[in-house]
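J.: Sequence:
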Amino acid sequence: MQRDLIEPFYGATIQHGPQSDRIYVMHAGASEPGLLASRLAELAIRKGYTKIIAKIPEAAAASFFELGYRREAEIPGFYRNGETAFFMARFFDDARACTAEASAIARVVELSRQAAAEYRQDPASGSCQIIRCRPADAMEMSEIYRKVFPSYPFPIDQPAYLQETMQSHIEYFGVREKDRLVALASSEMDRENRNVEMTDFATLPERRGKSLSLLLLMTMEREMRKEGFGTAYTIARSLSPGMNLTFARSGYAFGGTLVNNTGISGGIESMNVWHKPLA
0 MQRDLIEPFY
10 GATIQHGPQS
20 DRIYVMHAGA
30 SEPGLLASRL
40 AELAIRKGYT
50 KIIAKIPEAA
60 AASFFELGYR
70 REAEIPGFYR
80 NGETAFFMAR
90 FFDDARACTA
100 EASAIARVVE
110 LSRQAAAEYR
120 QDPASGSCQI
130 IRCRPADAME
140 MSEIYRKVFP
150 SYPFPIDQPA
160 YLQETMQSHI
170 EYFGVREKDR
180 LVALASSEMD
190 RENRNVEMTD
200 FATLPERRGK
210 SLSLLLLMTM
220 EREMRKEGFG
230 TAYTIARSLS
240 PGMNLTFARS
250 GYAFGGTLVN
260 NTGISGGIES
270 MNVWHKPLA
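Its first residue numbered 0, the sequence shown is counted upward by one per residue in numbering that gives the first Met the number 0.
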């Protein structure tokens, strides 16, 4: 399937295409809220997309509400000035606007919160080594991502993409055991607004159950604090108990669910937003 595109759009940066069958406003930028909200709808109708999800400042939300968007999640302190980010959704297919998995998603969130409240032990690194990945690691990294994800919203299975984003705005971290990478994650940095998305977690099947994702997350938080980032967040697969638990254990608060949102592992899945102040 053709990769979704990332491109400028009326002052914003959007991702759109058939893989997730949606438009995603990644950065609102200098866009005018009313114009952006209406032009997004026009693009969705023209392309036949069934969802728009827009990550925007709270102050811009009124224009989106007026055009039939609804708030699905939020991240307090997302912007440099302390303003909250809203995830505003508009659907063009009634079937996509709801999910039969709502009760299961709520259960994953509640169990994650309960387990996190009882968790008192940090994982031990043992014989593994946590590294900051370099361009020379890109081929091995892409092989792990290819094994873990049959499909993904960004081309992390391509070494060139990994190398390019390392040079611009993403720091990748890995777990090495006996000179072999066995787990990965990344910190996607918005330096202008001092927030960072903790994302791209992947652990080889034979190394799961060792809390490697938690080790990576702890390392990334420490490094991002050093670089002055104020807010961390993630958009996690809603029915993945392990990833939701990892963020709950690390003190992240639940920010909402993005319904039928992301093309990943061969289907379109709902995603949970979790957030945490780092400052």
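Don't read these hints as lab results, they were simulated from the structure.
Among these hints, one or two may not hold up.
Said to hold, decoys possible - Keeping only pairs whose Cα atoms sit at most 27 Å apart, straight-line, the calculated DSSO-like set for lysine-lysine is: (1) K177 <-> K146; (2) K209 <-> K177; (3) K225 <-> K275; (4) K275 <-> K177; (5) K146 <-> K225.
J.: So, for every hint listed, does it hold in this structure?
T.: Going through the hints against the structure:
1. At roughly 19 Å between alpha-carbon atoms, K177 and K146 fall within 27 Å of each other, so this suggested pair holds.
2. The straight-line distance between the Cα atoms of K209 and K177 is roughly 16 Å, inside the 27 Å bound, and the hint therefore holds.
3. Restraint check: the Cα-Cα separation between K225 and K275 comes to about 16 Å, which is no more than 27 Å; the hinted pair holds.
4. Distance restraint check for K275 and K177: the Cα-Cα separation of roughly 33 Å exceeds the 27 Å cut-off, and the hinted pair is therefore not satisfied.
5. The hinted pair formed by K146 and K225 fails the criterion: a straight-line CA distance of about 32 Å is larger than 27 Å.
When the structure is compared with the earlier hints, violations turn up for hints 4 and 5 and for no others.
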